[in-house]
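Chain C is already provided as a structure; the job is to place chain E on it using the hints.
Protein chains: 2
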Amino acid sequence: MSKLPEKTIGRLSEYRRTLLNCLANGKTHVFSHDLANLHNITAVQVRRDIMLIGYSTTLKKGYDVKALIDVIGNIIDTKDGLNAAIIGIGNLGRAITAYFNGKRTRLKIAATFDTDPEKTNRVISGVKCYPISEMGRIIKEQDISIGILTVPPEDAAAVTETLIMAGIKGILNYTSTSLNVSPNVYLEEYDMITSLEKVAYFVKEKNE
Amino acid sequence: MSKLPEKTIGRLSEYRRTLLNCLANGKTHVFSHDLANLHNITAVQVRRDIMLIGYSTTLKKGYDVKALIDVIGNIIDTKDGLNAAIIGIGNLGRAITAYFNGKRTRLKIAATFDTDPEKTNRVISGVKCYPISEMGRIIKEQDISIGILTVPPEDAAAVTETLIMAGIKGILNYTSTSLNVSPNVYLEEYDMITSLEKVAYFVKEKNE
Chain C
1 MSKLPEKTIG
11 RLSEYRRTLL
21 NCLANGKTHV
31 FSHDLANLHN
41 ITAVQVRRDI
51 MLIGYSTTLK
61 KGYDVKALID
71 VIGNIIDTKD
81 GLNAAIIGIG
91 NLGRAITAYF
101 NGKRTRLKIA
111 ATFDTDPEKT
121 NRVISGVKCY
131 PISEMGRIIK
141 EQDISIGILT
151 VPPEDAAAVT
161 ETLIMAGIKG
171 ILNYTSTSLN
181 VSPNVYLEEY
191 DMITSLEKVA
201 YFVKEKNE
Chain E
1 MSKLPEKTIG
11 RLSEYRRTLL
21 NCLANGKTHV
31 FSHDLANLHN
41 ITAVQVRRDI
51 MLIGYSTTLK
61 KGYDVKALID
71 VIGNIIDTKD
81 GLNAAIIGIG
91 NLGRAITAYF
101 NGKRTRLKIA
111 ATFDTDPEKT
121 NRVISGVKCY
131 PISEMGRIIK
141 EQDISIGILT
151 VPPEDAAAVT
161 ETLIMAGIKG
171 ILNYTSTSLN
181 VSPNVYLEEY
191 DMITSLEKVA
201 YFVKEKNE
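Chains C and E, in that order, are what the protein sequence lines are.
Under the numbering used here, the first residue of the first sequence carries the number 1, and numbering increases by one thereafter.
Under the numbering used here, the first residue of the second sequence carries the number 1, and numbering increases by one thereafter.
Fair warning: there could be bad hints in the mix.
As the list makes no split between identical chains, a pair holds if one copy fits it or if it spans any two.
No farther apart than 25 angstroms at their CA atoms in a straight line, the calculated lysine-lysine pairs in the BS3-like style are these [what the hints assert, rightly or not]:
no.: 1; residue 1: K204; residue 2: K79
no.: 2; residue 1: K61; residue 2: K119
no.: 3; residue 1: K7; residue 2: K60
no.: 4; residue 1: K108; residue 2: K79
no.: 5; residue 1: K3; residue 2: K66
no.: 6; residue 1: K206; residue 2: K128
no.: 7; residue 1: K108; residue 2: K61
no.: 8; residue 1: K79; residue 2: K3
no.: 9; residue 1: K140; residue 2: K27
no.: 10; residue 1: K79; residue 2: K61
no.: 11; residue 1: K108; residue 2: K206
no.: 12; residue 1: K7; residue 2: K61
no.: 13; residue 1: K108; residue 2: K66
no.: 14; residue 1: K79; residue 2: K206
no.: 15; residue 1: K60; residue 2: K140
Don't read these hints as lab results, they were simulated from the structure.
Just chain C, with the same shape it has in the complex (with noise of 0.2 angstroms):
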């Protein structure tokens, strides 16, 4: 299969996330429509992708629940897994090791990282934290590909360098640094104010 475009993947996983919700609540089937109110798109864009990853469904009883959940993650998990590593163990980085690990066997965070002595050469929120002189060796050693980044927005730029020279081929940045990196290496960035500010616009718009 050819390569699928970012957005399509962004929404095979959100849909995936909507399905594992419908099957913990026991539901066997569910229909485009109700995939496309969930997500705030239509049922033609939710048709379109489901048809691009080569799966049907008989119209009257909609998606079976299960096999989608299946095919979708046959399109975007990796047969090995793949290792991930946060690089600042503050309060965000924290936050993303808990709410990960466990949650999908096929990416993992092997390991975080820190310049803060306090903090490293210890195991927190389950994953051990070693100190960011380390990263290149560790992140050979420990087959890292994806760095997620929770470092000061000034620190971003240095450690992104290090990441990519010790080989790294994903980066996720939280930080407030945009970030240009070569085009071998795949980045997605998310910034909070952006999202803030996206729902401030509408509330304000929704009062004038």
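Okay, now just chain E, sitting in the frame of chain C:
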């Protein structure tokens, strides 16, 4: 001006973040293709967004950084400021409180809420934490219009109901539970799993 699309608002907020960085680095002008590169979009998209908000430039020097920051601020900021509250003051709640306060003067985390008696009636990350049972009263008293949800996923639906009853107009949901709200409440959801799964997919694609 008519209501702008959600995605445009998101991008304007991101442009402003970049422009503020430019300003801090002493840059006075910036070209659309520079902004485009930094945000992994096309220059045409950047110019279209900025034309939409009624700003133009002499092509030779690019956009005036300071002026464009002001124009974007006039669109997306509220005149009188908006108050937000964080519900669930665990690691993520603390990270967000610390991150926001002091960054934008017109958006303020005015209160936090939790059920844990060890946290309530104390100041955490600079903001007073109240018991969730007092949420309705405090939200009205402090004119809070945005709720940021960082509670455990199983509590998300019940807390949302209380928020809406208390008159909240916008919700930023960081739990792994998708919410359903009435059309007069603006909902923005963010799930870290989706971001990490996107990175993992593209890392896997690069390796194959």
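Status of each hint after checking the structure:
With identical chains, the CA atoms of K204 and K79 are at most 25 angstroms apart between copies only, with a shortest distance of 9 angstroms across copies and 46 angstroms within one. For a Cα distance limit of 25 angstroms, the shortest separation of K61 from K119 qualifies neither inside one copy, at 53 angstroms, nor across copies, at 48 angstroms. In this homomeric assembly, K7 and K60 never come within 25 angstroms of each other (Cα to Cα): the closest approach is 28 angstroms inside a single copy and 34 angstroms across copies. For the homomeric pair K108 and K79, the shortest alpha-carbon distance inside one copy (13 angstroms) is at most 25 angstroms, but the shortest distance between copies (44 angstroms) is not.
Proximity of K3 to K66 under the C-alpha cut-off of 25 angstroms is restricted to the intra-copy arrangement: shortest distance 24 angstroms within a copy versus 40 angstroms between copies. In this assembly of identical chains, the alpha carbons of K206 and K128 never lie at most 25 angstroms apart, being 47 angstroms within a copy and 28 angstroms across copies at closest. In this assembly of identical chains, K108 and K61 lie within 25 angstroms of each other by CA distance neither inside one copy nor across copies; the values are 36 angstroms within and 47 angstroms between. Taking the shortest Cα distances, K79 and K3 sit within 25 angstroms of each other inside one copy (16 angstroms), while across copies they are farther apart (45 angstroms).
Neither within a single protomer nor between protomers do K140 and K27 lie at most 25 angstroms apart by alpha-carbon distance, with minima of 43 angstroms and 38 angstroms respectively. In this assembly of identical chains, the alpha carbons of K79 and K61 never lie at most 25 angstroms apart, being 30 angstroms within a copy and 50 angstroms across copies at closest. When the C-alpha separation of K108 and K206 is checked against a cutoff of 25 angstroms, the pair qualifies only between copies, where the shortest distance is 19 angstroms, while the shortest distance within a copy is 41 angstroms. In this assembly of identical chains, K7 and K61 lie within 25 angstroms of each other by CA distance neither inside one copy nor across copies; the values are 27 angstroms within and 34 angstroms between.
Proximity of K108 and K66 under a CA criterion of 25 angstroms is satisfied intra-copy only: 23 angstroms inside one chain copy versus 43 angstroms between copies. Proximity of K79 and K206 under a CA criterion of 25 angstroms is satisfied inter-copy only: 14 angstroms between copies versus 46 angstroms inside one chain copy. For the identical chains of this complex, K60 and K140 are neighbours neither inside a copy (51 angstroms) nor across copies (47 angstroms), given an alpha-carbon limit of 25 angstroms.
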